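Chemist: Produce the entire structure from the sequences given, and follow the hints as far as they go.
Okay, here's what each chain looks like letter by letter:
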Amino acid sequence: MWTYEKRLQFPVNIKTPCPKTAQLIISQFGGPDGELAASMRYLSQRYSMPCKEIGGLLTDIGTEELAHLEIICAMIFQLTKNLTPEQAKTAGFDAYYIDHTTALWPQASGGVPFNACEFQSKGDAITDLHEDLAAEQKARTTYENLLRVIDNPEVKEPLRFLREREVVHYQRFGEALEHVKAQLDSKNFYYFNPEFDKQFLKK
Amino acid sequence: MDKRGQMLQKINEISFTVNDLTLYLDTHPTDENALTAFSQAANERKNLLEAYAKEFEPLTMNCVCPDSNNQTGSHTSYPGKKHFTWVDGPIPWDNQGGVL
Chain A
275 MWTYEKRLQF
285 PVNIKTPCPK
295 TAQLIISQFG
305 GPDGELAASM
315 RYLSQRYSMP
325 CKEIGGLLTD
335 IGTEELAHLE
345 IICAMIFQLT
355 KNLTPEQAKT
365 AGFDAYYIDH
375 TTALWPQASG
385 GVPFNACEFQ
395 SKGDAITDLH
405 EDLAAEQKAR
415 TTYENLLRVI
425 DNPEVKEPLR
435 FLREREVVHY
445 QRFGEALEHV
455 KAQLDSKNFY
465 YFNPEFDKQF
475 LKK
Chain B
-15 MDKRGQMLQK
-5 INEISFTVND
5 LTLYLDTHPT
15 DENALTAFSQ
25 AANERKNLLE
35 AYAKEFEPLT
45 MNCVCPDSNN
55 QTGSHTSYPG
65 KKHFTWVDGP
75 IPWDNQGGVL
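Protein sequences appear in the order of chains A and B. Quick note on numbering: the first sequence equals residues 275 to 477 in the working numbering. Quick note on numbering: the second sequence equals residues -15 to 84 in the working numbering.
Hints are computed from structural coordinates only; laboratory data are not their basis. This one's a predicted model, so the numbers in the text were calculated from it and none came from an experiment. All residues carry an ideal CB built from backbone N, CA and C; glycine is no exception. One or more hints might be untrue.
Label pairs and their in silico Cβ distance ranges [claimed, not checked]:
#	chain 1	residue 1	chain 2	residue 2	range
1	B	M(-15)	A	G384	34 to 40 Å
2	B	P13	A	K280	37 to 43 Å
3	A	V386	B	E16	28 to 34 Å
4	B	A26	A	N287	25 to 31 Å
5	B	A18	A	N287	28 to 34 Å
6	A	D425	B	K(-13)	31 to 37 Å
7	A	E327	B	M(-15)	38 to 44 Å
8	A	E452	B	S52	44 to 50 Å
9	B	T20	A	E360	52 to 58 Å
Modeler: Here it is, written out as structure tokens:
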């Protein structure tokens, strides 16, 4: 079950449209390390996660990622608002405009459409948590790349907030991994799949 | 910043506190300091959401109460008429409150 709150997790108020910037940050909507992939990754992995605390954490972080997706989409929406045909010709944004006008469609900055192959749901708690840790770091790197090339403080502020959240989520997933390991044989954590080979779990 | 903006900012801030404490408590469910902080923040959030819904649009379905919501009549297409107040308020992703 989910419920919606009629507010953004972090306010977005961009007064100066810039389709070029929209074309860059769209990667954090539908790109390889974007918020859509993040949310789908965690919300898919949680069902088979053997520890219920970690299933709960995946639910809560996966839900927060949906709020992040909304922030990114709000930024793209405001950056392309009241676009003139001349502005639509902006290098990089022009091809997107032809297919989607100024609607939101999940794709990477380079035009590659969103694809479930951008994340994995492996059914192995150790494997999945390592994937989650890597995903948070990859998203942090992407936000840092964006922050280096974008000057507008109205765009940078929400991006900084989102980058900080990647750091916090990384910490929480690190704790989750330790929690799983505490229930395994400390002589070899990585020897088997704790979700499947249950005979190796600590009694 | 107008009153709506000020109240919304407070709600955003306290909701962030609740959200961040939620993730912390997911992995530290017996941390007493965090539990106290969570209870305080969650209670404050509930009060702020209710106060906001009285003056403006309800932000959550739990705050929808057509008889008492949006007493300032802000951002509504149905001023003075009993209506479903969930439809009131600006669009969250639009800093200009919507086009039409």
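Chemist: Looking back at the hints listed earlier, which ones does the structure fail to meet?
Modeler: Checked against the structure, the hints that fail are numbers 2, 3, while the rest are satisfied.
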